[in-house]
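A.B. asks: This is what each chain is made of:
Protein chains: 2
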Amino acid sequence: MTQIYNFSAGPAVLPKEVLQQAAAEMLDWHGSGMSVMEMSHRGKEFMSIAAEAEADLRELLAIPANYKVLFLQGGAHAQFSMIPLNLLRNKKAADYIDTGIWSQKAIAEARKYCEVNVAASSADHNYTYAPEQSAWKLDPDAAYVHYTSNETIGGVEIFWTPETGDVPLVCDMSSHILSRPIDVSRYGLIYAGAQKNIGPAGLTIVIVREDLIGETLPGTPTMLDYKIHADNDSMYNTPPTYGIYIAGLVFKWLKANGGLAAMEQLNIRKAAMLYDYIASSSLYVSPIAPDNRSRMNVPFTLRNTALDAEFLKQAQQRGLLQLKGHKLVGGMRASIYNAMPIEGVQALVSFMQEFERAQG
Amino acid sequence: MTQIYNFSAGPAVLPKEVLQQAAAEMLDWHGSGMSVMEMSHRGKEFMSIAAEAEADLRELLAIPANYKVLFLQGGAHAQFSMIPLNLLRNKKAADYIDTGIWSQKAIAEARKYCEVNVAASSADHNYTYAPEQSAWKLDPDAAYVHYTSNETIGGVEIFWTPETGDVPLVCDMSSHILSRPIDVSRYGLIYAGAQKNIGPAGLTIVIVREDLIGETLPGTPTMLDYKIHADNDSMYNTPPTYGIYIAGLVFKWLKANGGLAAMEQLNIRKAAMLYDYIASSSLYVSPIAPDNRSRMNVPFTLRNTALDAEFLKQAQQRGLLQLKGHKLVGGMRASIYNAMPIEGVQALVSFMQEFERAQG
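Sequence order for the protein chains is A and B.
Here the working numbering = 1-based position in the first sequence + 638.
Here the working numbering = 1-based position in the second sequence + 638.
The hints are simulated quantities; they were obtained by calculation from the structure and are not laboratory data.
One thing to keep in mind: the hints can contain errors.
Copies of the same chain look alike in the list, so a pair counts if it works inside one copy or between any two.
DMTMM-like mimics (lysine to aspartate or glutamate), calculated; alpha carbons at most 20 Å apart, straight line [as the list claims (entries may be wrong)]:
| no. | residue 1 | residue 2 |
| --- | --- | --- |
| 1 | Lys775 | Asp804 |
| 2 | Lys865 | Glu848 |
| 3 | Lys965 | Glu683 |
| 4 | Lys750 | Glu853 |
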């Protein structure tokens, strides 16, 4: 088997132990004679898998009892419409913070359903930082405040929790959820596509304070009504069962490895290793403001962009994969989620040093 | 490993060869060093997997070039709203055929968006048959005609293709797609949740004539717009990559086993084995009209319903699993999709015979 390190932004690397267990159980889960993929979602085997996944996620994130945990489909894109459809609740406007491409996608979709107040934006510096709370012009009558706590493409992360008073705080945590502890009670709704830190693509996790749901805009498709899914324990329709199973294995792996506090320490070390080297280098540049450098997605550029292609070619030859930056920002991007071992970051830094030396 | 036969209605049994290959490739797909679950959906490895899956599906179903094949999320339930949102196209009404629980779900959701003309219904005989075409009161001005060609819960299958003139024909084929050849050119849109004959739950296949899409009702969420997905080759957002991979393996398995014509012959034999025995028995009863007996989902009852629990208990002890009928219809149901080997049906019939003999 080729030893590679996969720096893809998502779908992304998964813990090797999880994949090994999935392979071993593929034809016969716990002596049932069935693959998890073959199980009725209403059978006792899968019901136990789903219940355990939810319980473990609740434990990892210390989710309060008045929050529902939903296992849905459609990714963050489906949430971009579900949020206004469900959370406007007779209000006409919502506040959105614009920190890059993913917040802009959320804003564009929300504009179909309400007036969007862009309460703060980092457009003035090409989305290389996140506006501080003091710069957020919040509307006390807004239905909710939406922000993107980690911009996967831009590599901008917000490490503090905004204060929004009685206005529910809604957060797209797709690309850093489970990378560090968070205080769920400060949020009205948290959502995350699974394909970065949770499991396979096709599963979306929503954590929502239960008093916020139950009132939708007229014409809301039933499948986009949080209350329907909450009242049916995410089994209103057939859920993405295999994705929930893999997510459950990832949750067990996180618990076995010290939970989110331990994960945060490791992620701090991994990110520092990469950013510190970049700061010391005369070839590589981090375009992001120091306080907002994402621990999950590390974009960097080469001072001589003519070398980009050669850098990527040599990296690929060493088994350092998927380092090309998103087409909208260019350069390189190393995504170093929970499942990226520290050895992967070390291998990347070693290669970057060697490549820099070779340029003389 | 326990030898069982899994008669679940969905998620359901998958070909053993497919699961074996998935297990073998779990940590390293074709020497890439990556699991398919870990691959960027925009990388060349996964792009090749998706393209091959689509090409194989097109070949199996002989899908004409003017039809788009979409790999979506949300199951049939999401289609229940997507269909009116996309296909009404300035019309105010659509025709629906009511053959049971699944058509009723489609009707209920469509009523949010248009006037529904129930053009035919088998409610008069408790949904134990499908109305013949001559009984369909179609409206020539309808936006489309919707029917459910196999009612998974009721076990009613329609083996002929309705004639609707210029009005597009829309069909929920979730529970019999790929079980027999169909003439796609007769349809405007075909949809199917994957979790019966295609692959894991969380993937939905839509086959749509391309001239029908591009016009949606105001306020349609972007994720529910077929045109968006068609224009982006189902990569507008991150698709359920692992489900597409497994579906692709199932398509290869179907091709290696003679395609849909061979599958149909096998399915006819499997269903006949079960229905013929039931007809000859004095204990078991098929409630369904002979012309509409589903080859995929075979509901049956015991004349003495007091024996139901004992029947299910003994079946379970023999490794004959998931035979309990849906709570809405009671009795038993054996789902015998493509991947159910004929040995499974033989084992079921043997047990049924033995159980009948034991009752004296």
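A.B. asks: So which hints don't hold here, by number, going up?
C.D. replies: Violated hints: none; all satisfied.
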